[in-house]
Amino acid sequence: LAKTTQPISMDSYEGQEVNITCSHNNIATNDYITWYQQFPSQGPRFIIQGYKTKVTNEVASLFIPADRKSSTLSLPRVSLSDTAVYYCLVGVGNNDMRFGAGTRLTVKP
Amino acid sequence: NAGVTQTPKFRVLKTGQSMTLLCAQDMNHEYMYWYRQDPGMGLRLIHYSVGEGTTAKGEVPDGYNVSRLKKQNFLLGLESAAPSQTSVYFCASSYGRLAASYEQYFGPGTRLTVT
Numbered sequence: 001l002a003k004t005t006q007p008i009s010m011d012s013y014e015g016q017e018v019n020i021t022c023s024h025n026n027i028a029t030n031d032y033i034t035w036y037q038q039f040p041s042q043g044p045r046f047i048i049q050g051y052k053t054k055v056t057n058e059v060a061s062l063f064i065p066a067d068r069k070s071s072t073l074s075l076p077r078v079s080l081s082d083t084a085v086y087y088c089l090v091g092v093g094n095n096d097m098r099f100g101a102g103t104r105l106t107v108k109p
Numbered sequence: 110n111a112g113v114t115q116t117p118k119f120r121v122l123k124t125g126q127s128m129t130l131l132c133a134q135d136m137n138h139e140y141m142y143w144y145r146q147d148p149g150m151g152l153r154l155i156h157y158s159v160g161e162g163t164t165a166k167g168e169v170p171d172g173y174n175v176s177r178l179k180k181q182n183f184l185l186g187l188e189s190a191a192p193s194q195t196s197v198y199f200c201a202s203s204y205g206r207l208a209a210s211y212e213q214y215f216g217p218g219t220r221l222t223v224t
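Residue numbers (this note's numbering), protein chains in the order written: chain S, 1 to 109; chain G, 110 to 224.
The following block holds chain S by itself, in its conformation from the complex:
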């Protein structure tokens, strides 16, 4: 059975780099890995997406090893406004996908 695993919570301080890893043991070979951010009382919002190696955009980087059984979301120099829940999403079959249970990131001053 496909399983997507993330740490339940993480704490950090303003200005630090935060890395959140998601393990996905049954990812579809032709599908992407996507990360979403969710604030309280809002729907999730797309952050970044990748297939392999490294992807970077204006808010985050995504590192994916060659075996694609995990991925790491990297948030550089976090601020208080980055306090949120972060979800990974992977395709796990021809037409199926799984969200991780989410990682609650708390950024402290």
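Derived from the structure by calculation, the hints contain no laboratory data. Keep in mind it's a predicted model, so treat the numbers as computed, not measured. Treat the hints with care, as some may be off.
Pair by pair, the computed Cβ-Cβ distance ranges are [said to hold, decoys possible]:
1) THR83/S to GLY205/G: 43 to 49 Å
2) GLY15/S to THR163/G: 46 to 52 Å
3) ARG77/S to VAL121/G: 28 to 34 Å
4) ARG77/S to ASP147/G: 31 to 37 Å
5) THR5/S to PRO217/G: 26 to 32 Å
Pulled from the structure, derived: some chain S residues nowhere near chain G, Cβ distances all over 12 Å [unchecked claim]:
6) GLU14
7) ASP31
8) GLY43
9) LYS54
10) THR56
11) ARG98
12) ALA101
13) GLY102
14) LYS108
Not everything, but these chain G residues come out facing chain S in the computed CB check (under 8 Å) [claimed, not checked]:
15) LEU152
16) GLY172
17) TYR173
18) PHE215
Each residue gets a CB set at the ideal place from its N, CA and C atoms; glycine is no exception.
Chain S is already provided as a structure; the job is to place chain G on it using the hints.
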């Protein structure tokens, strides 16, 4: 553009009652999804649609029905609500095919309580 909207925002039902949640998107997306979100379990896919007139089951479809009569609307129905269906329900839409490859746009959610 409003993006993805959901109606209602909150609802309290008694066990056995029925209701319909409405999702609307104005981005001309083919794919639409209904999720439920429960503490510690992330988002789980209930049903999805790959186009007008089509629906399919997701990970947790039991107790729910859906319809997509118009491309822009996706309805989620609970025929006989149970306390186990107390949850926050999110609708989403995307341009491309199911699975993780296309960005999904989410609505603001509907908080449903079944007593």
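Taking the hints in turn, this is what the structure says about them:
Range check, THR83/S to GLY205/G: Cβ separation about 31 Å, and the 43 to 49 Å hint is violated. Checked against the hint of 46 to 52 Å, the C-beta distance between GLY15/S and THR163/G comes to roughly 48 Å, which is consistent with it. In this structure the supplied range 28 to 34 Å is violated for ARG77/S paired with VAL121/G, their Cβ-Cβ distance being about 43 Å. Between ARG77/S and ASP147/G the C-beta distance comes to about 33 Å, which sits within the given range of 31 to 37 Å.
Take THR5/S and PRO217/G: their Cβ atoms lie about 28 Å apart, and the range 26 to 32 Å holds. Distance check for GLU14/S against chain G: the nearest CB is about 27 Å away, which clears 12 Å, and the non-interface claim stands. The Cβ of ASP31/S sits about 5 Å from the closest Cβ of chain G, inside the 12 Å cut-off, so the non-interface label is violated. With a minimum CB-CB distance of about 3 Å to chain G, GLY43/S fails to clear the 12 Å threshold, and the non-interface call is violated.
Chain G leaves LYS54/S outside its interface by the beta-carbon criterion, the shortest separation being 17 Å against a cut-off of 12 Å. Against chain G, the non-interface label of THR56/S holds: every CB pair exceeds 12 Å, the least being about 17 Å. Not every CB of chain G lies more than 12 Å from the CB of ARG98/S, the least distance being 8 Å, so the non-interface label is violated. For ALA101/S, the condition that its CB be more than 12 Å from all CB atoms of chain G is violated, with the nearest at approximately 4 Å.
For GLY102/S, the requirement that its beta carbon stay farther than 12 Å from each beta carbon of chain G is not met, with the minimum near 5 Å. With a least CB separation of 23 Å from chain G, LYS108/S remains clear of the 12 Å interface cut-off, as annotated. With its C-beta approaching chain S no nearer than about 4 Å, LEU152/G sits inside the 8 Å limit, and its interface hint holds. For the restraint placing GLY172/G at the interface with chain S, the shortest Cβ-Cβ distance is roughly 20 Å, beyond the 8 Å limit, so the hint is violated.
Restraint check, TYR173/G versus chain S: the minimum CB separation of about 17 Å is more than 8 Å; hint violated. The restraint placing PHE215/G at the interface with chain S holds, with a minimum CB-CB distance near 3 Å, inside the 8 Å limit.
Consistency note: the structure conflicts with the earlier hints numbered 1, 3, 7, 8, 11, 12, 13, 16 and 17.
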